[in-house]
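Protein chains in written order, with my numbering: chain A, 8 to 333; chain B, -13 to 253.
Mixed in with the good hints, there may be bad ones.
[What the hints assert, rightly or not] The calculated label-pair distances, taken between Cβ atoms and stated as ranges, are:
(1) A:Pro10 to B:Val124: 53 to 61 Å
(2) B:Leu174 to A:Leu277: 52 to 60 Å
(3) B:Pro114 to A:Thr83: 56 to 64 Å
(4) A:Asp81 to B:Val90: 40 to 48 Å
(5) B:Ala109 to A:His162: 48 to 56 Å
(6) B:Leu223 to A:Glu155: 55 to 63 Å
[As the list claims (entries may be wrong)] Here are some chain A residues pointing at chain B (derived, C-beta under 7 Å):
(7) Met103
(8) Asp107
(9) Leu112
(10) Ala128
[What the hints assert, rightly or not] Which bits of chain A does chain B cover? Going by a derived footprint, with three or more residues having C-beta under 8 Å, they are:
(11) 89 to 97
(12) 113 to 119
(13) 168 to 181
Keep in mind the hints are simulated off the structure, nothing from the lab. These numbers were taken from a predicted model, which means no experiment stands behind them. No residue lacks a Cβ here, since even glycine has one placed at the ideal position from N, Cα and C.
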Amino acid sequence: MTPLLEVRDLRISFPRDGTTPLVPVDDVSFEVHRGELVALVGESGCGKSLTGLAIPRLLPDNASLGSSTRITMDGTELVTLSESAMRPWRGRRIAMVFQDPMASLNPVMRVGAQIGEAITAHQSVPAPEVRRRAIALLAEVGIADPAERVDAYPHQLSGGMRQRVMIAMALAGEPSLLIADEPTTALDVTVQAQILELLDRLRRERGLAVLLITHDLGIVAGRADRVLVMYGGRIVEAAETTPLFAAPAHPYTRGLFASIPRLTGDGGRLVPIAGTVPPPDQWPEGCRFHPRCPVAIAQCAAERPPLAPVGDHHLAACWVAAGRTP
Amino acid sequence: MKSAAAGLGLLAALLLLALLGPLVAMDPNLQPALGDGTLAAPSIAHWLGTDQWSRDVFARLAHGARASLLVAVVAVSVAALLGVIIGLAAGVAGPWMAGVLRRVIDVGLALPRVVVLLVLLAALGTLPLPLFAVVLGVTGWPSLARLVRGEALRLRHAPFVAAARALGASPVRVAFREILPGALPPLLVAAAFGTADAMLLEAGLSFLGLGIRPPSPSWGGMLLEARDYLGTAPWLLLAPGIALVLATATATLLGDALRRSLTPDQR
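Build out the structure end to end from the sequences listed, making use of the hints.
Now the structure itself:
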C-alpha cells in the first residue's frame, strides 16, 4: 500500500549572515498511511514543529528546503508546487491544528463564521448551508448545544472547547491528513485526554491520518500506531508504539522513558537526561546525542549513526544499539 | 460616559437641524419683499435674523448643515475606503510592494492637506457638492492608511492568521476577513475624529471661496459673507460660527466615547 504522505530527506535551512546556514532539520524521512496516527516526539528545539510546518509549506519565508527533499502526498510532489498551487492543499487535504487555541481563533469573529471561512475557502457554498455545516462540525467534535455555540465568540468558550473549534475548522475542508502541533499542551490534563480521544475517534470514523507532534511521550501511549522520536533535527528512533514502549533502543528514548513519573513500579527516583539540548548552531559531529549519552563510545563522536533496523519495524540511529542486535 | 451622552445629544440636535430645519425654514436663496429689511436682527419671523441680501439666516444655517454633514460623511467614507485598501496592502504585501506603499503613505502624510486641496480645487474649478466631498476624502486617506498598516503589521503574525493560512485562506481573504476586523476599532475612532476635520476643512475652503460656492448655503460661506458686518450684525457671524463649533465638538465627543468603549485597557 502506498503511503498517504511520504517525506524523504527533509532538510530545512535558514541563511545566516557571514556563516554557514542554520540547519535545524536534517535528513528526516518518514511516511504516514491513511487512517494512521503517527506521533512525532521530541523536546523543544528538536525540529518537530518545523517538520510539521514544512509539509503544507508554511515555513517562514527565509527558510529553504534541501535539494533532495521530497514531500509526496497522494502521488503529488508538494515541494515543487507554486504558492497558488499549494493553497488548495491547505485545509482541503492537509489541515493543521496549532498549540494555542486561545490565540489561534480570531477574537473578533464568531466561531461559526470562522468555521465558515474554512469551508468557503475551498468550496462555494450558500450561507445557510455553511451555517448548517458549521453546526454539524461543532456537533461532530463534541461541543454541546452546537446550534447556540455557533454564534459564540472565542472568549466565551473554555480552552478545551476552543481547541475543539480549531479541530472543527480543520475538518471543514474534509482533509485526509491532520497535522496537530502540540494540540493539548495548553490544556488541562483531563481536557488533554478528551482532545486526544477526539482525534483518535476522528481517525477511526473519517479514516483521517493524524501526525501528532508532541513533547509528551505519555499521551502517545495507547493511541499512536507509530512513534518517531526526534533529537537534534534528526529522527533517532522510529517504531510501532508497542515495541517502542516495551524496548526503547536509542539511549535518548530510554532517557525520556526514565524521566517519566510512573504510577506503578518501585517508586524510584526519576532519572533526568544529563545536560540540555544544544541550539542548532552548536550541534556536535557524529551522533548529536553523544555528549549527553550515558553509553557513548568513541565511534559516536566521530561518525554519524544511520537509522538502522534494531528489531521488527523498529529503527534506531545508534552505534551501540546497532552493535547489540544479533 | 458623559462625552457619549453629550455627543449623542449634540448629534441628535444637528441631525434635527439638517433633516427638519430645511422643511420649516424658507428657501435659503429667497429674498423676502423689500422693506422686510436687510440685516434684520433675530425676531419671530426670522429666528436668526437676515443677511445683507435679506435672506433668512436660519434657513441658510439649516441648509448649510445638510451640506456640511453630507460633505463630512462622504469625505470620511472615501478617505477610510482608500486608507483601508492602501494600509492593508502595505501591511500584508511582500517586502518590495510593502516598501513602495510605505513610501507612498509617507509622501501622502508629508504633503499638507490644505495646500493640496487648494491646488486641486483651483485646478478642477467649481464642483458639485458630492464631488467636492470626494476630493476632500481623496486627500484624507494617508493618516488612516498609516493606522491600518500599523494594525495589519501587528496582526499579520498573530496565531489566528497563521491558522487561517494553514487552512488555505488566500492573502486577500486573510487581509479582509482576519486582519481588517481587528483593525476596525481604531479605524472607527480615527474616522470619527476625521469627520470633525472634514467639517472644519469644508468650512475653511468655503470661507476661502473654494468649497461650496455662493449662492449655495454653507457655514464657511456664511462666515465669509459675515465678515463685513461684524459690528452691525453679529448674528451673521455667530450663527454659523457656533454651529461649526458644536458640530466639530459632536464628532470629537463621539470619537472620544468610541475610543473609550473600544479600548477598555486605556480607560
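Results for each hint:
no.: 1; hint: A:Pro10 to B:Val124: 53 to 61 Å; verdict: holds, 57 Å
no.: 2; hint: B:Leu174 to A:Leu277: 52 to 60 Å; verdict: holds, 55 Å
no.: 3; hint: B:Pro114 to A:Thr83: 56 to 64 Å; verdict: holds, 58 Å
no.: 4; hint: A:Asp81 to B:Val90: 40 to 48 Å; verdict: holds, 44 Å
no.: 5; hint: B:Ala109 to A:His162: 48 to 56 Å; verdict: holds, 52 Å
no.: 6; hint: B:Leu223 to A:Glu155: 55 to 63 Å; verdict: holds, 60 Å
no.: 7; hint: Met103; verdict: holds, 4 Å
no.: 8; hint: Asp107; verdict: holds, 6 Å
no.: 9; hint: Leu112; verdict: holds, 6 Å
no.: 10; hint: Ala128; verdict: holds, 5 Å
no.: 11; hint: 89 to 97; verdict: holds (count 4)
no.: 12; hint: 113 to 119; verdict: holds (count 4)
no.: 13; hint: 168 to 181; verdict: holds (count 5)
Checked against the numbered hints given earlier, this structure breaks none of them.
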